[in-house]
Amino acid sequence: MDQVITTEAQKARVAGLLAALALVLTSATPAYALPGGGKTPRAIVEADSDLPPPVTGVDVEEHLGEPLPLETRFLDSSGEEVRLGTLLSKTRPTLLTLVYYECPMLCNLVINEQVRVMRELGLELGKDYEAVTVSIDPKDTPAQSAERRRKYLQSMGKPETAPWHFLTGTDENIHKLADAVGFKYTYEPSTKQYAHPAVVTVLTPEGSISRYLYGTSFDRKDVKLSLLEAAGGRVGTSVDRIVMSCFKYDTATRRYGFYIFGFIRLGSLAVFGALATMLIYFWRRELKKGATT
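Taking this note's numbering, I'd label the letters of the sequence shown as residues 1 to 293.
Hints may be right or wrong, so weigh each one.
[Said to hold, decoys possible] Heads up, simulated DSBU-like pairs for lysine-lysine below, C-alpha to C-alpha not over 30 Å straight-line:
#  : residue 1 : residue 2
1  : K127      : K221
2  : K127      : K90
3  : K127      : K151
4  : K139      : K158
5  : K139      : K184
6  : K192      : K90
7  : K192      : K158
8  : K151      : K139
9  : K176      : K127
10 : K90       : K184
11 : K139      : K221
12 : K151      : K184
13 : K192      : K176
14 : K127      : K192
15 : K151      : K221
16 : K192      : K139
17 : K127      : K158
18 : K192      : K151
19 : K158      : K90
20 : K151      : K176
21 : K158      : K221
22 : K192      : K221
Quick caveat, the hints were computed from the structure, so don't treat them as lab data.
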């Protein structure tokens, strides 16, 4: 009888352990793995993730190699009407930014970071590259352009004659330029603000799109290499051009990465130079020996 009672008690304990284990597993199972879990409303998932819903109509559609509408006309910081094509250098690349002057945060972050990188590039504004900034808000004025231009040039220690053009224009011409660049933005009436991407576009001397630099933090190497690439290696020193051959643009990471074959070519040149120097040294030594005998 005692043995039967013991066996029943063991069974009860095992059953209790199994029930507890099932309860733990059930509580640890993610919601989507439970019956009906795959039908959780998307709104609830997004609310739980604490992520804001995506802003529709804001994007960058890359148009690499395509030309800008150089015939579009804008007002410069002095209020004079200018054609975009006349502002682009035929021998130097250009950094193009689309912003608006009443932007509460993002535009300032992009331009301030652009200024920081331009100070540290090792390339000179007006000699190696130029810059154009265009407002996407047709209500912005040349007076605001002049104010921003003066502020940023002073922060770089550049004279007011430096070729960084700040432009305003009509909604029609702004959209022509933005569409050509692939800069997708939208106006939010509720906040009276523009929703737009954070990007700097690198242009070739001919006015075609060479590269896009994304975000509010730019890598100095990426900016410099993109300018060298856009100019076809015609800016910078010979060392810059050699270094550029060791890096290639990675479309997946949107960064310039180390290029092993370029490094091999550079290493081969270094080895060749070392061998040539050694042979010249021994040749001259033999000539001196022959002269003394």
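Right, here's what the structure says about each hint:
1. K127 - K221: Within the cut-off at roughly 19 Å; holds.
2. K127 - K90: holds (12 Å)
3. K127 - K151: holds (21 Å)
4. K139 - K158: Answer holds: K139 to K158 is near 28 Å, not above 30 Å.
5. K139 - K184: holds (19 Å)
6. K192 - K90: Violated, because 38 Å separates the two Cα atoms, which is more than 30 Å.
7. K192 - K158: violated (34 Å)
8. K151 - K139: Distance ~20 Å between K151 and K139 Cα, so the pair holds.
9. K176 - K127: holds (29 Å)
10. K90 - K184: Holds, at roughly 27 Å.
11. K139 - K221: violated (36 Å)
12. K151 - K184: holds (27 Å)
13. K192 - K176: holds (22 Å)
14. K127 - K192: Between K127 and K192 the Cα gap is close to 39 Å, so the pair fails against 30 Å, i.e. violated.
15. K151 - K221: holds (25 Å)
16. K192 - K139: At roughly 12 Å apart (the allowed maximum being 30 Å), K139 and K192 satisfy the hint.
17. K127 - K158: Between K127 and K158 the Cα gap is close to 12 Å, so the pair holds against 30 Å.
18. K192 - K151: holds (25 Å)
19. K158 - K90: holds (22 Å)
20. K151 - K176: Holds, because 28 Å separates the two Cα atoms, which is no more than 30 Å.
21. K158 - K221: Holds, because 22 Å separates the two Cα atoms, which is no more than 30 Å.
22. K192 - K221: violated (36 Å)
Of the numbered hints given earlier, the model fails hints 6, 7, 11, 14 and 22; all others are met.
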